[in-house]
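Number of protein chains: 2
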Amino acid sequence: MASSKYDVLGIGNAIVDVIAFTEDDFLLSHDLAKGSMRLIDEAQAEKLYQSMGPATIISGGSAANTVVGVASLGGSGSFIGKVRNDTLGQAFTHDIRAIGVHFETKPADKGLATARSFILVTPDGERTMNTFLGACLYLGPDDIDPATVEASEISYFEGYLWDPEDAKIAFRKAASIAHAAGRKVALTLSDSFCVDRYRDEFRALITDCTIDILLANEHELKSLYTTSDFDSAVDALRNEGPMAVVTRSAAGSVVVDRNGVQAIPAQPIDRLVDTTGAGDLFASGFLLGHARGFDHRDAARLGAIAAAEIIQHIGARPEARLRDLAAESGITIS
Amino acid sequence: MASSKYDVLGIGNAIVDVIAFTEDDFLLSHDLAKGSMRLIDEAQAEKLYQSMGPATIISGGSAANTVVGVASLGGSGSFIGKVRNDTLGQAFTHDIRAIGVHFETKPADKGLATARSFILVTPDGERTMNTFLGACLYLGPDDIDPATVEASEISYFEGYLWDPEDAKIAFRKAASIAHAAGRKVALTLSDSFCVDRYRDEFRALITDCTIDILLANEHELKSLYTTSDFDSAVDALRNEGPMAVVTRSAAGSVVVDRNGVQAIPAQPIDRLVDTTGAGDLFASGFLLGHARGFDHRDAARLGAIAAAEIIQHIGARPEARLRDLAAESGITIS
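The listed protein sequences correspond, in order, to chains A and B. According to our numbering, the first sequence is numbered sequentially starting from 1. According to our numbering, the second sequence is numbered sequentially starting from 1001.
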């Protein structure tokens, strides 16, 4: 196996976030489930945008946020995802490349606009996402560059990728190339409603060993095993085999593998502003740590450090150099 | 004189900010004067954007920020400025209307794109702005709606408006309508380099009584009177007549009128992040206070409260309800 050029390759929806602070009443009156992600069409997007408050535009996309976090931590990242060649697609492309992530997926030159997620942040810092997938629907197997997959220590997929139809085929192609090259495949379950939509498929990916590393939060894991009891869900997961890390917000994270279950505390913060990207950035640290051979504890600590930075400001892209924050906590990325 | 429908009408460049954190070395290597605003053309904009880091997109524009601050403080604001009917122009329009500001200037349907300012924020929180004026160059006297000017207690102009050629004619038209309706006219000097470009014109506006209220920071005031001594600049200003408020960053502000000079302290902050909009938001509080008949001290305090919020996060648009922050400090806006 050749040495890897990229620590983590992210494959996911290329999305620009449009983020506004709002009150809980707004969620209620628009019938939105707090903390979830729902898909909306262009007309719904237009209507929601008209009714929401002043917004900040920041590049997003779950797996894209993760590889940007990997780069900010001092690792090397690559990304595959589809934008349109429009103003927001150019902004997405600029932002991900500007931090040093390899991103060469050809943009769509016609059809739907670059995807955007309208994110409503309530006073408790929780985010509720409304995503218009737009050009993400055009991602397909031809966008998977074998050389990039082969050169990546971990290929990381977001569960949200099951929403655009052809992206699944792209996923299977990439996973098969990665395993043939002796690399690892990781998946995040993304959102408990997403797990509801694709539970059987996600379960199959785990039991047929397509997935080597599973990332989830506790709600998603409970949804996967249709239980309200966290310990039962963890037991079910252990029986199925892949290494997994489960985040529990302020309660920290739990790493699960055949050797047992290990709990790692969250990183303390000064002020919770916006939880957008908390899971994505935890994944940055955990996957980079894993790619670099860290033990579970240090990999999860690195995840906690990255997540702590992201929830103290608007948006899911780091404002500080995460590598420096890791060094302050005694974790050196060379 | 009829009662006013708007506390403050802002007339200025309609700009979207593209903000990135950077190191001081970047300013040096690109020959940029820290803390200033320079004008760039489309080719320079493209080149700078390619070399700068990941960015956050937030509506901006000096006078636009000010009227948004007025609305957030619980006052009523109106704005006149020119965008193109493109993606960023739509974002600008959404954001200013979403906070309740009256904005009905017809967007340009051809020609240059919506203006953008590439803002580089250094670790000391200072911002250095590079502005492509784009569609702002199309603002002219036909965009001045007399009814809106007549209905506004204060018409507020930014010095930056002297850069696009026809905007000056628009300014003179609006100032004349305002005075005929018994309203006040205010001007901010905007930037010391801007004062360098238009010193004689700005001096003439003061001495011929076109300006009733002048806003400036200490650098701009010193540039106006070509002196390095703050007290000499204040003396020169007092001899010329208009009421003025001069901001001095962490040292607070000074209100100058024929009765004397009064110093008001800055509002304490936890953490300086990005000074973009500090002067604009000070103007929000000061002008709203003045429109509501506050004494100089309370008007300047209201300005200090608004400025303190804006410098603790990225961008020049409030993230908190400024009216609530003012109430916490004992200032009620009814």
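Source of the hints: derived by calculation from the structure; they are not laboratory data. Do not rely on the hints blindly, as some may be mistaken.
Quick partial rundown of chain B residues pointing at chain A, CB under 10 Å, derived from the structure [unchecked claim]:
| hint | residue |
| --- | --- |
| 1 | Ala1020 |
| 2 | Gly1053 |
| 3 | Ile1057 |
| 4 | Thr1087 |
| 5 | Thr1207 |
| 6 | Thr1210 |
| 7 | Arg1258 |
| 8 | Leu1272 |
| 9 | Gly1315 |
Beta carbons are placed, not taken as given, at the ideal position from N, Cα and C, and that holds for glycine.
Status of each hint after checking the structure:
no. : hint    : verdict
1   : Ala1020 : holds, 8 Å
2   : Gly1053 : holds, 5 Å
3   : Ile1057 : holds, 4 Å
4   : Thr1087 : holds, 4 Å
5   : Thr1207 : violated, 39 Å
6   : Thr1210 : violated, 32 Å
7   : Arg1258 : violated, 39 Å
8   : Leu1272 : violated, 14 Å
9   : Gly1315 : holds, 7 Å
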